[in-house]
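Sequence order for the protein chains is A and B.
For what it's worth, my numbering labels the leading residue of the first sequence as 1, then goes sequentially.
For what it's worth, my numbering labels the leading residue of the second sequence as 1001, then goes sequentially.
Check each hint, because a few of them may be wrong.
[Unchecked claim] As a list, the in silico SDA-like pairs of lysine to any residue whose alpha-carbon atoms are at most 25 Å apart:
| id | chain 1 | residue 1 | chain 2 | residue 2 |
| --- | --- | --- | --- | --- |
| 1 | B | 1082 | A | 194 |
| 2 | B | 1135 | A | 145 |
| 3 | B | 1135 | A | 208 |
| 4 | B | 1135 | A | 213 |
| 5 | B | 1082 | A | 138 |
| 6 | B | 1135 | A | 281 |
| 7 | B | 1082 | A | 281 |
| 8 | B | 1135 | B | 1100 |
| 9 | B | 1074 | A | 196 |
| 10 | B | 1074 | A | 284 |
| 11 | B | 1074 | A | 281 |
| 12 | B | 1082 | A | 133 |
| 13 | B | 1135 | A | 206 |
Read the hints as simulated data drawn from the structure, not as lab findings.
Small disclaimer: the values here were computed from a predicted structure and weren't measured.
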Amino acid sequence: MTVVAAVNPPPSGLLLLAVFVGSFVVAALVITITSRKNRSTSRAHRLARHSGIELPSHLEGRIARRLRNEWLTFLFIFPLWLSPLELTSFNGHIQSATYWDTWFPRLVVLTPLFGVAVSFSGVIIARWNVPGSIRLSHLRRVRLRQAFTVAERCALAAGVGATMGVSAWGLQRSHSSIHWWAVEFGALVLAGVIWWLLENTVMDQPSTASDPVELEWDDLFRFRRVRSLAIGAAWIPPMAGWVLDSLMNQQLSHFTPSPLWVYGPLIISITVALVFRQGRLLWRTA
Amino acid sequence: MPKTEFGIEPRAPTILSNSISQSFKSIDPAKLSSGELSCCVNTTIDTITPVSFLSIDSAAGMPPFEQVRSQLAKAIDSGILKPQDQLPTVRKLATDLGLAANTVARAYRELELIGVIETRGRNGTFVAGALSPRKAAGARLAATLAQRMRDLGMGEAEMLAIFRNEVEGRGGAGKSTLRTTS
């Protein structure tokens, strides 16, 4: 404990306060700038252009509002899962071998469930359309598997594999008992089941289309939501686990803090984003 | 059919159904001329073509279950829905269209009775394959009967009412009409 404190002294309360106030100010600025009406409208037109879909004037406002709500939800949710990690990394008192032995298994077990919960809360957006007297629906059942290409499914499976790998490394490094290995496996299975149920919940939400163009937008949004949920559920847990692993490893090995651990997740994020560009037009198969 | 760069077939041409075209009669002519609502142009009752979606107009005179049933039947008949295609679940279709689940279930049941669709337990409802010889013979008889009734100047609703009365065993007037025409 003494050695750890000497290498990485705990920051003062003033510094912590400055960090949180700074984050709040930056977030407020970003929200103010990015949620302007003109910006949302231009995003709606850009999305329409990239998706090859019409954006009639009567839908322009609704689509723009929906995109702005999506963005604001993301900005609100993002700090919620970042805060625990910030607290963990800033609190020098808890960065000891005893701390990691005790708390690491509990934290890492929560990451798969946390990933699913965060992803789902990020795609909960209020209904964007008001149904009229005419209602449209598809002739065929739209299946969840239509929303992903083969490569994307492989990328999702790789995310699950990465979660298992990161968790196993951390559990092994913190000398966790077999009990925690079993609990981690159970948490992964449970997260998978919850993810599946939530995906189907999104797929089964009623469309509120009153004309064919609205039905297309509904499909586009639905596919974007299930894809975002899947990507988040598959790749947030290994990222969070990796951060925890790296923090623990630095403390236990008495390494000086290094930003190198950021590059791995960064490269993986770019790769995943490139893979998931493939299926951005899959909504047309609905 | 041309494909996009990702090998995805574009959707079937968007042609609005009867109920939609009727409700768009009051749209702004300026929008039509500017092409803003080009998807609605040239859509009249005479040129109705089965489309890749179902539409329900709650303000239309036709009962909702009949709208669902007839549109599905047309889609299957025209080949838009192919054998083994899976239909939406009753609950999903009902929520999408703002109908009661019983309404959609009734439309499915009627189509299932004539062998056009089939329910495979919890796997869902599918477009049936080729009809059995018995059902095919029944369908041919029905087609002949429908043609003769049309020749008599009857409309769809009248034909269905007479036929329903006959099937349900309470159609005295219907019996005489059918005997006269046969």
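Outcome of the hint check:
{"no.": "1", "hint": "1082/B with 194/A", "result": "34 Å, violated"}
{"no.": "2", "hint": "1135/B with 145/A", "result": "35 Å, violated"}
{"no.": "3", "hint": "1135/B with 208/A", "result": "37 Å, violated"}
{"no.": "4", "hint": "1135/B with 213/A", "result": "39 Å, violated"}
{"no.": "5", "hint": "1082/B with 138/A", "result": "14 Å, holds"}
{"no.": "6", "hint": "1135/B with 281/A", "result": "41 Å, violated"}
{"no.": "7", "hint": "1082/B with 281/A", "result": "23 Å, holds"}
{"no.": "8", "hint": "1135/B with 1100/B", "result": "30 Å, violated"}
{"no.": "9", "hint": "1074/B with 196/A", "result": "34 Å, violated"}
{"no.": "10", "hint": "1074/B with 284/A", "result": "22 Å, holds"}
{"no.": "11", "hint": "1074/B with 281/A", "result": "28 Å, violated"}
{"no.": "12", "hint": "1082/B with 133/A", "result": "29 Å, violated"}
{"no.": "13", "hint": "1135/B with 206/A", "result": "35 Å, violated"}
When held up to the earlier numbered hints, the structure conflicts with 1, 2, 3, 4, 6, 8, 9, 11, 12 and 13 and fits the remainder.
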